[in-house]
Each structure stands twice: as structure tokens, then as C-alpha cells.
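Engineer: Take a look at the letters that make up each chain.
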Amino acid sequence: MADEKTGAPVSGTILVVGGGISGITTALEAAEVGYEVFIVEKNPYLGGRVAQLNKYFPKLCPPTCGLEINFQRIKNNKNIKWFTLTEVEKISGGAGNYDVTLKTNPRYVNNNCTCCGKCAEVCDVEIPNEFNFGMDRRKAAYLPHEMAFPQRYVLDQSIIGKPTAQKCKDSCAYNAIDLDDKARTFDIKAASIVWATGWNPYDAKKMDNLSFGKVQNVITNMMMERLAAVNGPTKGKIVRPSDGKQVNNIAFVQCAGSRDDNHLPFCSYICCLASLKQTTYIREANPKSKATIFYIDLRTPGRYEKFYKKVKADTNVSFVKGKVAKIEEDTETKDVIVTVEDTLSGKKIHERFDMVVLATGMEPSTATSKVPGNAKYDENNFVISDEILSTGCVKKPSDVMSSGQTATGTALKAIQTLVRR
Amino acid sequence: MEKKLGVYICSGCEIGEGLNIEQLSQIATKEYKMQICKTHTAMCGEEGVGLIKKDIEAEGVNHIVIAACSNRVKYDVFDFGPANFVERVNLREQVVWSHDWTKKVQVKTKDAEGKEEVKEEIKPNEDTQMLAEDYLRMGIVKAQKTNPVDPYLIENVERSILVIGGGITGLTAAIEAATTGYDVTIVERAQQLGGYAAKQRKQVPTKAPYTQLEQTNIQEKIKGATANPRITIKTNTEIARISGAPGQFDVSFKPAGTKSVWDVPPPKKKEEDKDKPAAEAKIEEPVELPADLIKCEDILTSNPDAERFGSIIVAAGGTPSDPSGFEHLGYGKFANVITNVMMEDTASKGKIIRPSDRKEAKTVAFIQSPGLDGDDSDFPYSSSVTSLISLKQAQYVREDYNDGKAYIIYKHMRTPGHYENFYKSAQNDEGIFLTRGEVKAVTENADKSLTVEVDDTILGEKIAVNVDMVVLATGMVPATQLEPVINLAYRQGPAFKDLELFDGYADSNYICFPYETRRTGVYTAGNVRQTMTNGECIEDATGAALKAIQCLESTNRGMAVHPRSGDMSFPEFFFQRCTQCKRCTEECPFGALDDDEKGTPKPNPTRCRRCGTCMGACPERIVSFKNYHIDMIGSMVKAINVPEEEEEKYRIVAFVCENDAYPALDMAGLHKLKYSADIRFIPVRCLGSVNTIWIADAMSKGNDGVLLIGCKYGDDYQCHFVKGSELCNKRMDNVAETLGKLRLEPVRVQQIQFSIDEYNKIPEVIDKFVKVIEGVGFNPMKGF
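Chains as they are written, first to last, in our numbering: chain A, 37 to 457; chain B, 69 to 852.
The following block holds chain A by itself, in its conformation from the complex (with noise of 0.2 Å):
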């Protein structure tokens, strides 16, 4: 397309490089301009880290009904093409003009599939979940989720050569399963370029004292998500991973990693709400449950802190302001004991729970995973290049809402670049 009134050359490809709401919405509003769009995606599927989650604050509807209407606009727009199972090995060349190697992995199923099941149905092979962060098996033919887009399943390369394999492929009325899909590499050309890859949970693991992976019952906020929702692990149960017995009184961990110099320097955002939010999932769940909120300061950004008061209002719910400093397990009845010095009230607290939630962190996707180009990091590995845009989580720790926003405007940003050639 060209632009009439300018006659400015407008062509050429935005390459939006993560699929997560970030991604999907700077792919999306600059193909509803006009302009042609690639989105490359690593995981299987679209819809990144939201997929995962069960509710958004502070409406607590559900994200899928947000991804819901973005893939109806994916589908019906022709201006864009997304590929999965898809990174970017090489980015060579400048603004305007980018010479991009991408790289597939195999998914071992091809477009033939009808999502019909049978692959699954008939696969011995069971592994663990990363969708649910390990917190059940899935069969090694999988569909991610219920709501994955593209509706399309996915063979774990650990059965491929093994005799399951064949099986699921004997198993296929449609020939849809190719045992000997291979990782391909290719190249485009891309004008502008995006970097959208989103976030990380911070390794809880990393924080001796919270003691994450050594007393059973303590959880991260993201496995919460998961615990919550009816496509998780216990089919929406918050019950506890030692024995499944229902939660009465949990507790949340703020700054699990975050406004730490040893671990996350800067504020992670979404914690607090993210917290305030589960505790509704517990209250609603069980009307008898009691959830602890123990807290550095409580940050509701933006028109947040009416959700605050909606949650503070709720008198089984309290807020502990004091920063933990020992988790340990009851080793007889699996309960958590929460050290933590009040300090409002200058006591020193020990207390029981049932189940701790650990509010880690977002770290950077490129804190693991830089960009295989130009760009420039700050010292926590954000990207804040000028010329590779970023946005969403990868560029400042954000909200959905806020990743929405910015997303938005680097859409824009991406355009201008086309504008000016």
C-alpha cells in the first residue's frame, strides 16, 4: 500500500518477534492499518504467558475471552502470518532493511491435523507439564490447551524414534503426523522489527530462605494461576500439592525476588494485584478460607486501588506489612511456618498456613535469551534499544493493560520506521 496524500514508499514487513499479548497486539494494530506483519512465535501456540493465566484484575474475567476476539482478528486478516515452535537465529542489516534467520523446530504434526485426538488417545508416553508448570503429566501428543491457537497438536520430541511415535502416527486418519519433520532455517527480510518475547517467572528456587522446591506446599503466584484454573492441573481445586487437601488459609509472599539487590532490583508490577486477585480465587472457592497478604507496600498503579479496597473490605483477608524472612515445613502435617517480623507492630511473627504463595517476579525473557542482534539491555536486562523496538514485558515490567498500551504505540513506532524509507 502506499500512503496517497504522502506518496511516502510504505512497504515492507513489520516482524514482531513474540506471540504473547504484546506481540499479538503490535502485530495486530499495524495489520489493521495496513501494513504486513510476521509474527514469530517459540512455544507451540499463541497467546504467551496470559495464556497461562486464570483471571485478569481487576475485572477477573478471563484472558482467554481477550485472545479469543485477537485470533478472530489474526484469522481474518490477511496481512498477517504467524509461525510457531519459531525463534530467531540471526538478525543481520539495519532499519528498513533486516536480514532475518528464523529457525522451526518440529512440531511433527503438519496442517493435515483436524485436532481430533487420536494421536493422544492412542500415546503411552507421559510428561511433564510445562503449561502447568510440572504440576501433572501430559501425554508426549499433546494439544498445549483447549483454547491453543492454532488448534493444531504437538508431538514431544522425546518419543520421536521410540515406538509411541509410530503408534501415533499409525493412529492418524489424516496423515497429519510426520515422524520426519525436521528443524528447518529460513530467511526473510524485514523492515522493522519488534522484540516482544515477554517475561520469565523469576526462579523462586534462587531465594534460599523462601525455601521454594524444599517444602512442598509453597507455590509461585504463577502455579496459582494454573491451581485456579479449570484447564489446570486439578480442573480449578486449590488444594495443596502434598496431600490435595483443600486450602483454608494460605498465605502470599510479596517481593518474593522483586525490590531485592541480590535477585530483581526493580519492582515486578503486577505482584500485588496479582496477589489481591488470588486471594478472591481462595474466597470464592472456599467461604470459610483466610488469606495473608505480607507485604513491603502494597502498590496498586494506575485505577487499582479500587481493587484494593474490594479485596481489603473482605475481613477474612489481611495484610501483614513486614517482609519474610524464613519459610519452614511442619514435617508431620506438611504445613508452612511463616517467619516474618511485623512492622507495624515491631513483633516478630511465626505463623501456620496450609499453603504459602510465593509472589515472584517477572525477569526479562532476555535475561536468558538475548536478542541474536543489535540491541542494547540496561543493567537488568530490559531491552531499551531504539532501533530493535521492544515492548510489553521485555521492555519494562507491565500489566496487561499497560503491555496493551505500549504495544499500541510501538506499532506506531514500527510504522514510522516503514514511513521514513
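What the hints contain is simulated information worked out from the structure, not anything from laboratory work.
Where hints are given, some of them may not hold.
Stated by the list, open to error - Here are the simulated SDA-like pairs of lysine to any residue, each with C-alpha atoms no more than 25 Å apart in a straight line:
id: 1; chain 1: B; residue 1: K836; chain 2: A; residue 2: K384
id: 2; chain 1: B; residue 1: K121; chain 2: A; residue 2: N115
id: 3; chain 1: A; residue 1: K384; chain 2: B; residue 2: G528
id: 4; chain 1: A; residue 1: K326; chain 2: A; residue 2: E387
id: 5; chain 1: B; residue 1: K829; chain 2: A; residue 2: M171
id: 6; chain 1: B; residue 1: K508; chain 2: B; residue 2: N624
id: 7; chain 1: B; residue 1: K836; chain 2: A; residue 2: G272
id: 8; chain 1: A; residue 1: K126; chain 2: A; residue 2: P80
id: 9; chain 1: A; residue 1: K111; chain 2: B; residue 2: T214
id: 10; chain 1: B; residue 1: K740; chain 2: A; residue 2: A209
id: 11; chain 1: A; residue 1: K271; chain 2: B; residue 2: D835
id: 12; chain 1: A; residue 1: K154; chain 2: B; residue 2: E114
id: 13; chain 1: A; residue 1: K218; chain 2: A; residue 2: K348
id: 14; chain 1: A; residue 1: K348; chain 2: B; residue 2: K121
id: 15; chain 1: A; residue 1: K95; chain 2: B; residue 2: D444
Keep in mind it's a predicted model, so treat the numbers as computed, not measured.
Dock chain B against chain A, hints included.
Structural biologist: Leaving out everything else, chain B in the frame of chain A:
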């Protein structure tokens, strides 16, 4: 071109196992006399698709009914280009995956000795078969009734953008849009551009490492905008009214502070006594305008001097909130208790001095949270920005005076994200004292200094700090709280809707789609959305600029904007039959229609989001879309084969929201959750588009009940069209009344609020409703 249908039935993915495909085909070939009806074991495969393509080429098939899986899958392989209409009949997720294929039937037989014996036999489930047959009927009828869509194209779509507000947000939006190649006009009420940003000494950091105060770049922005040939600036100017629609907004300007005949007249009073059953869903009370001496022109009168714009960005900012309500803080009583805005003003002009005697203010206390007795809220409209502003202004005290001291008394220090670094840099400053505590009182001393009494909750003691000045960390009241700002000459009133949900902030109430408003083509940015830092305003403005550009480009192509982006259908009105009841004008969630003095609606198709609420509202049924109309859905309802009462089978019609409820039904199918086969689902664009005639059609055809499954409504509404499901619910009273007149039990028609992730509850919800219907028995109108 002549319409030619082809029916293609897939027997793969267990459809063939669950159904008698031969019998199903006969619905097409015998009942509907279709010449082309083909079956395949994998219609989505190369061979199956080839079959269809061949018929398109050789037989001229252009309306393709594919009875296979849900339209949410295989959408790409079954896309045969814009010239070919495709209707998908969902036999997989919503028939064979969610219903039993067989059932046990008790058969009486006689044994060898002639003794009667009751045996159980397993037979194909006729209910599942009947369900599939009805869906196929509905699919064929839909294809028969659809018409080609002609986009609504207007000549000369205006591609320039109006930006309301010349502060940092407005300037950024204008510059960003101009840089992308669009003409922009900024309208600013004040004499000068720059807004509050121009009155700041410095700004909180916008870039890594987020530790140091920065110079604002507002002067460069003002220069940049002024010098930009694409940007026109109108200072000292206000908007009298905006009329028209995206692509052709006509804007009447006026000198700031004056009245004009083009001001928007106060909305007409509703005729309260008029009998309007549906109009329980009346328009929300519009903002009352002050009584005006000038008689304003009607909203439909056009101003020949108006300027035309394609889309609008609202960056009107805010006004500092008044903290006088918190008496114990002494604002208004003591000269040296000021707000952070006053502090900024002082700081931008020179060294920090106190108002009482213009002496140096070397010790300053900042109060973040005004409440008593444990109330830990910040000042109203604070967002988390006021924490940052106090940290910034504390640094001013330190910059100006080597022996300066700043006390920040807070309940929560709110420095989210990267701003934590900025907080830390303040913590490292020995002259900045950060204390968590509750301010009990501020008192004035003889020398006009102030004593701040604090219950210091960290040290567990009461402290009193003596300071030269106290700064209250107040927020910004959004302009939209105080006045309509956009002054739309729309029948539904001049202002944004739903403002009360967010204390006056113009918010979309969508987490995923923050820029959407209920006024198409009008996008908000900056402090009208929430109190923001300069950095946040800049980002927000850039996004709003994109949306404004996108809207006029979509309008130029005849396409809808969010959420049905790209849709080219639009509502058409058969005015000869209009009774001027105004329901469409009143109910449209987006204020797309303006009625004239007689009450005849004037559609403004580029304002329309294509939800069909007007179609649902119209009692005369004169509103239709080419590919979605009363007759189409009504005929689909009538295509259901309702068994005679003797057959003892119930029939229920369900209108389901295609955005959320329909995918949930698919998920239920994917999980093989089973529910009654007595119910037939008809996807609708939004429950708001459900016209009560369809319910009447269903009941008069002998169906036993009607279910409406749509999104949640209320403050946390999930309806993509904001009001659709709520309006549908309001119409239900009307439906109950009609049913009463027909001596039918009102429980036969029910609406359910449903979320997309509640698929696990589908069987419960459906079967519960079926129980209710079984409880009231068969529709007595059956067979009439």
C-alpha cells in the same frame, strides 16, 4: 451473480461414527432439493477441499455449506476467497463430540414360547441424528438467506486528525501522527501549549537507569509541533461541538471561554410517560449543560464553517484535585500547606520558597496518604504517580539547599516497575527522610512554620516534625469528570459513557483493549485515562495516535473498527416502516444514531461497530445487515424440525454470543462433555442483536423454550459491545409479558450470563434449563 449452493458433509473426526451420513445427506438432497451434496471422510484434506474447488470452478458453486467441524478451526483451508460464501455447520464439536451416538432402547419381543420379554438393545441415537439434521437445515437456510456484502464507502474520507489538548500528551500524539504522514490540528484552550509539563522544573526519569531527574523535553516538543508543516495549532480555542462520524467529523471551534450557537444543546428530555417497554434501557442521563442564554442549533444542523477531521484524540488532561476535605492537614487554613502542583509551580520559577513570607523553604514535609484510622489510601486520583512526584520534589529541596531536608510520610511507597530505582536513589540521599506513618495533624506555629504530628508505625512511636512547608501529594481530576470535553452533537449526549465506573476517567473498561471508547473514532490518552507520569503520557499518546490513524484507514476501506475489525457489513434501515420509536437511537451502545425532530433515526454507518443491537431493538424489524438479518435468523429458527407432541421430545432454541459462549461450547465438545440433544444453538453477533421476534418465532413454531447465552453485564461487563447482553436482559421483561399473553410460562425463556472459560459448566447449565422446560411441559402451541 446467481446464487448456487453446494453442501459438503464430512464424516471424519467421528462424525461418520456418530451419525448416519446417508440420512443426513437426504436433508440436503430431498428436503432442500440440493443438486450438489457431497460427502468425504476428510473434507479438510487435499481431496475434500479439491472436491469443493472443483465444484466452484465447474459447477459455479458460490455458497458453500460445509458440515464438519467448528468454524473456529480449518478456517484457512475452507477459505475460498471473498467471492464465495462459506457457512460452517458444526457437526463435530457441537454434535458428535458432545452427544451420545447410541442409546439403549427397551424392545419388547416374544420368545420361542410366546412369552413377552423386554430386552435392551443398543441403537443409534436418533436425538443426536435429529440435532445434526436441524443444524444442516439451519446452515442451508442461512446460506440461502445471506446476501453479498457491499462495504459502506464514503467519498473523500478526511485523513487529518484532531487532537484535543496541547499538553505533553497532545503534543506527542500530534507529532507522532504527523511523523507517520498525517495532518493534525491541535486545539488548546490556554494561550500557550505545554500544559502542566511546561510548568515542571524537571520530570521523573523516563529511561534507564531511572535514577536521575530529567529535564522535560516539552519545549522541544512545542517547537517541533509549531515548526511541523503538518501540524496546525489553535490555542485559546475550544470545541463548541463535534458532529458527524469517523472519516467526516465536523468540528466547530470557538474562542476559549465564549458561548456559541454551535454549542451542543442540552439533550432533549425524555418523554417519560411514553410507553416504552424496551426503553427501560433508556440512555444514561447525559451530563446536564448549564442553562444557556444562546439558543443552540440542533445537533443535526450543519455548520458551514466547521472543519473536517477523520478521527479524534482526546488529551485534555486534568485539573489538580482540591484537598480541602482533609481538614486535619490544614490546607486552606495555613498558608504554608500547599499541593504538589503549587510546589511544582514554585520550583519551576526558582528556589523553593514558602507562600506565607516568600522565605526559603528548607525543610518540607510531603504527605502521601491523607486518611486517618488506618485508611491507607493515597489522595484521590493519585494513581501511583504522587509517590514519584513527592520523591522528585524532595530532590528539588535538596538541589536548592545544601542543608535542605525533605520528609516523605507515606503508607505505601508506590514506585512500580523501573521506578523502584528512582525510589532507591532517594533512599540513598541523607537529606530525604522516608517514613511510613499516619499524619494525625498539621498545626501552625507563630513563625508560620508547621508541625506535622505523625504516628510513626515503623519506629512504633509518635513523632512531630517541624517544617517550613507541607506539600500534599494530590492527584489530577480528569477533565472528563468536570465537563463533556468532546461536546459531541450526538443524540445520546455530548460526553463519554460509563465515566462513573472510573470516577470520571474515560476508560474502555477493557483490559485487553485499553484504547477503545464507546464513541467510535474518538481515542483517549494521558491524564484523562489515569494520572500518569510524563513518560507514561508519551507512550500512551503514541498508542492513541496509532488508533486514530487506524480508524480513518479502516473507514476509508469501509471496514469496521474494534471488535469486529475488518467487517464490511453495516446496518440498513427500511425507513418507510419506521414508527419513530427511537429505540435504536437510544439503545446503540456506541451512539451511532441521531434521530431528527420526528424521531426518525439518522444512521452514521462509520460510527457503527456492527453488533446489531439496533436490529435487536427495532420492533418494526426494519434494520438489517446484508449477511445478518431478521429473516435469516428467523428462517433458521423455523427450519428446526419440531417433533409432534406424541414423540415426546422437547425442543429448545438457544441464541448464543458468538464471541464467548460459542467458543465455550466448542471447548465443551473438545472435552467430550455431554449435554441434552434437545437444544439447538444459533450463534449471534451479540445478544443485543437478538430481536424478540425470533423468540416469538421459536415459540409459535412449537419449540418448548428459548435460552439466551451471553456475556456478563454490570460494572465488570465482559460484553464486547459493552451493553448488548445487558440490553437483551432488559428486553426480557417485555418477552415475559408477551409470553404471559400467550398463556405461556415466562420460565420458558431465560438469559444466562456466561464466560468463555466456563465450558465445564455447559452440561450443568443446559441440562438445568432442560429440566425447567420438562417441568412446565410441552409448549401447548405445538402443532398449531
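Engineer: Hint by hint, say whether it matches the structure.
Structural biologist: Structure-based check of each hint:
For the hint linking B:K836 to A:K384, the alpha-carbon distance of about 52 Å lies beyond 25 Å, and the restraint is violated. With a C-alpha separation of about 24 Å, the suggested pairing of B:K121 with A:N115 holds against the 25 Å cut-off. A hinted pair counts as satisfied when its Cα atoms are at most 25 Å apart, and A:K384 with B:G528 qualifies at roughly 14 Å. Proposed proximity of A:K326 and A:E387 is supported: the alpha carbons are some 13 Å apart, at most 25 Å.
In summary, the hint linking B:K829 to A:M171 is supported, as the alpha carbons are separated by about 24 Å, within the 25 Å threshold. At most 25 Å may separate the alpha-carbon atoms for a hinted pair to count; B:K508 and B:N624 exceed this at roughly 60 Å. This hinted pair checks out: B:K836 and A:G272 have alpha carbons roughly 22 Å apart, not beyond 25 Å. With a C-alpha separation of about 20 Å, the suggested pair A:K126 and A:P80 falls inside the 25 Å cut-off, and the hint holds.
Distance restraint check for A:K111 and B:T214: the Cα-Cα separation of roughly 21 Å lies within the 25 Å cut-off, and the hinted pair is therefore satisfied. Pair hint B:K740 plus A:A209 holds up; C-alpha atoms about 19 Å apart against a cutoff of 25 Å. Between A:K271 and B:D835 the alpha-carbon distance is near 21 Å, which keeps this suggested pair within the 25 Å criterion. Restraint check for A:K154 and B:E114: the C-alpha separation of about 20 Å stays at or below 25 Å, so the hint holds.
Between A:K218 and A:K348, the direct Cα distance comes to roughly 54 Å. Violation of the 25 Å bound is thereby established for this hinted pair. Our distance criterion of 25 Å between C-alpha atoms is broken by A:K348 and B:K121, whose separation comes to about 61 Å. A hinted pair counts as satisfied when its Cα atoms are at most 25 Å apart, and A:K95 with B:D444 qualifies at roughly 22 Å.
The structure does not agree with the numbered hints 1, 6, 13 and 14 stated previously, though it agrees with the rest.
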